[in-house]
Structures are given as structure tokens and as C-alpha cells.
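Engineer: What follows is the residue order along each chain.
Number of protein chains: 2
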Amino acid sequence: MNGKAINLSEKLETFSEYWSPKIVSRFNGNDVMVVKVKGEFVWHAHEETDDFFLVLDGVVTIETEDGNVTLNPGELYVVPKGVQHRPVAAEEAHILLIEPKGTPNTGDIATAAEKIDI
Amino acid sequence: MNGKAINLSEKLETFSEYWSPKIVSRFNGNDVMVVKVKGEFVWHAHEETDDFFLVLDGVVTIETEDGNVTLNPGELYVVPKGVQHRPVAAEEAHILLIEPKGTPNTGDIATAAEKIDI
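Going down the list, the protein sequences come from chains A and B.
Everything in the first sequence is counted per the numbering used here, starting at 11 for the first residue and increasing by one.
Everything in the second sequence is counted per the numbering used here, starting at 11 for the first residue and increasing by one.
These are calculated hints, taken from the structure and not from any lab test.
Careful: at least some of the hints might be erroneous.
[Unchecked claim] Dumping the calculated PhoX-like pairs for lysine-lysine here, alpha-carbon to alpha-carbon at most 20 Å: (1) B:Lys111 to B:Lys125; (2) B:Lys91 to A:Lys111; (3) A:Lys91 to B:Lys111; (4) B:Lys21 to A:Lys14; (5) A:Lys91 to A:Lys48; (6) B:Lys48 to B:Lys14; (7) A:Lys21 to A:Lys91; (8) A:Lys125 to A:Lys111; (9) A:Lys125 to A:Lys48; (10) A:Lys91 to B:Lys14; (11) B:Lys91 to B:Lys111; (12) A:Lys91 to A:Lys111.
[To be verified] Partner residues are not named here, just some residues of chain B that face chain A (Cβ under 10 Å, in silico): (13) Val34; (14) Leu66; (15) Glu85.
[As the list claims (entries may be wrong)] From chain A, some residues computed to sit far from chain B (all C-beta separations above 12 Å): (16) Glu27; (17) Trp29; (18) Gly49; (19) His54; (20) Ala55; (21) Asp67; (22) Asp76; (23) Leu86; (24) Glu101; (25) Ile119; (26) Thr121.
In this text, all values refer to a predicted model and were calculated from it rather than measured experimentally.
Note that CB positions come from ideal geometry on N, CA and C, so glycine has one too.
Could you put the whole structure together from the sequences, leaning on the hints where they help?
Structural biologist: Dropping the structure here:
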């Protein structure tokens, strides 16, 4: 996927479903993803990886067992590995996610969304 | 540095020097950095790591031995490891960088900027 600029807004225009991260690039074994969210996700934790969130559009609250963090566009937060959390957004919001390849978005491969390249 | 939102614009307001990446967060052994750039950087390569660039403000061209990629705000590019490159910006621009902790920004520890937390 290298060789040209990856425009995040253009990538986000290619799909509409919520809570379904799409891979837009990769580096060092990580997937770089965009996701549209609205409503409440399931509570979960990633035992082996920190969870990187950068809000691109809208407002997202990352509820965690240690407290809540509200993110506006241009704000990021890293949920430490092992910490229970769920993203919540009253209105549609767009997030840039970075996780090691193969990380299940729900923390459980049985319930995870399939991540495809766009 | 966890526990609250990290606002990239606010972080960028805390310094003015160019080509001096500042660490704003960490995840999975990676440094998440913001940097202000203007002019031409030195040609270099990172033999062991891909190089993640996301432009936050301004326009940056990533010149590489394989061709050039121009990035506007909201656009990202990953320079594959081992590829010679240099960022160039005619006017001041702001970039989000992600690299494994300790990666020298010039590809050479002898000439690299010291990366400090802000």
C-alpha cells in the first residue's frame, strides 16, 4: 500500500458501517485503521497490547475501569494493555486506530470484526 | 502519560524549533511524537524500522529514492525500512510521527535530535 499518500477522509467515505475497522496502511507489523463509531461498544481488554486511539472527527469517550477520557478531534489516548475499556460516542465519530496485526477489536477473536484493507 | 486526552495542537504550541520531535505518548514500545518542520531534512534511512508520517497541518513532501509523496493534512505515508528519504516543507508544517523507542530521527545516533517528553 506504499507509494502514495493515504487520505484518511477519502478512506472513510468508502464505507458506512460502525465498529468495523478498515486497514489503510501497515508499519512494523502494526495495522493502521480507520473506524466509524456510534453508540456504545462492548467492554473488553487486550491482554497483550496497548490500544491507540486518535479521534479524527466527532467526540468519543473512552470509558475505562480507571475512569473516562473524552476525546475531541486531534486528541489521542492510549489504553494500557489489560485495562477494561469501551469507546462510546453519542453521534457518529471517526477514529484512527493502531494495533499489532491480528488484534481482535473486541479483545476476543470469537466476536471480533474482520479487518479488511480498503 | 496516560489518564487524560492528549491534544496534539496544544502540544505543538509548547515549542517552536524545527526538526526536533517531541514525545507525546507511548504504546507497545513505540514513541508517538509531534514535530514542526520547515525546509529540507537530511537524506537518511532507517534500516530496522518503517517510518510513519501523518501530516497534521501544512504540506510535506516525503522525497524518497523511489519517488516523492506529497502529504496534506489528514494524509499519511509509511516509508518502508531501508528506503532513503527526506521530508521537505516549503512552509512550516506539523507531523505526527510513530517510531520504536530510541529510533534516531536522522537514521544515525551521532546526528540525531534528542527526543524529550512534552
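Engineer: Now tell me, hint by hint, if it's right for this structure.
Structural biologist: Quick rundown of the hints versus the structure:
1. Using a Cα cut-off of 20 Å, the hinted pair B:Lys111 and B:Lys125 holds, with the two alpha carbons roughly 10 Å apart.
2. Pair hint B:Lys91 plus A:Lys111 holds up; C-alpha atoms about 18 Å apart against a cutoff of 20 Å.
3. About 17 Å separates the Cα atoms of A:Lys91 and B:Lys111, which keeps this hinted pair within 20 Å; it holds.
4. Distance check on the hinted pair: B:Lys21 and A:Lys14 sit about 28 Å apart at the alpha-carbon level, beyond 20 Å; violated.
5. Between the alpha carbons of A:Lys91 and A:Lys48 the distance comes to roughly 23 Å, so the proposed pair goes past 20 Å and is violated.
6. Pair hint B:Lys48 plus B:Lys14 does not hold up; C-alpha atoms about 30 Å apart against a cutoff of 20 Å.
7. Distance check on the hinted pair: A:Lys21 and A:Lys91 sit about 28 Å apart at the alpha-carbon level, beyond 20 Å; violated.
8. This hinted pair checks out: A:Lys125 and A:Lys111 have alpha carbons roughly 10 Å apart, not beyond 20 Å.
9. Between A:Lys125 and A:Lys48 the alpha-carbon distance is near 18 Å, which keeps this suggested pair within the 20 Å criterion.
10. Of the supplied pair hints, the one linking A:Lys91 and B:Lys14 holds, its CA atoms being roughly 16 Å apart against a limit of 20 Å.
11. For a cut-off of 20 Å, the pair hint linking B:Lys91 to B:Lys111 stands: about 15 Å separates their Cα positions.
12. For a cut-off of 20 Å, the pair hint linking A:Lys91 to A:Lys111 stands: about 15 Å separates their Cα positions.
13. A cut of 10 Å between beta carbons decides the hint on B:Val34: the least distance to chain A is about 8 Å, and the hint holds.
14. Nearest Cβ of chain A to the Cβ of B:Leu66: about 7 Å, under the 10 Å cut. The hint holds.
15. With its C-beta approaching chain A no nearer than about 4 Å, B:Glu85 sits inside the 10 Å limit, and its interface hint holds.
16. Its beta-carbon lying about 21 Å from the closest one in chain B, A:Glu27 satisfies the requirement of being farther than 12 Å from that chain.
17. Chain B leaves A:Trp29 outside its interface by the beta-carbon criterion, the shortest separation being 21 Å against a cut-off of 12 Å.
18. Interface exclusion of A:Gly49 from chain B stands, the closest Cβ pair being 20 Å apart, more than 12 Å.
19. Here A:His54 stays apart from chain B, with its beta-carbon at least about 17 Å from theirs, past the 12 Å limit.
20. A:Ala55, annotated as away from the interface, keeps every beta carbon of chain B farther than 12 Å; the closest lies near 14 Å.
21. A beta-carbon of chain B comes within 12 Å of the beta-carbon of A:Asp67; the shortest separation is about 10 Å.
22. A beta-carbon of chain B comes within 12 Å of the beta-carbon of A:Asp76; the shortest separation is about 7 Å.
23. A cut-off of 12 Å between C-beta atoms contradicts the statement that A:Leu86 is not in contact with chain B; the least separation is 5 Å.
24. Once the 12 Å rule is applied to beta carbons, A:Glu101 is consistent with being away from chain B; the minimum gap is 18 Å.
25. The beta carbon of A:Ile119 is kept farther than 12 Å from every beta carbon of chain B, the shortest such distance being approximately 19 Å.
26. A:Thr121, annotated as away from the interface, keeps every beta carbon of chain B farther than 12 Å; the closest lies near 22 Å.
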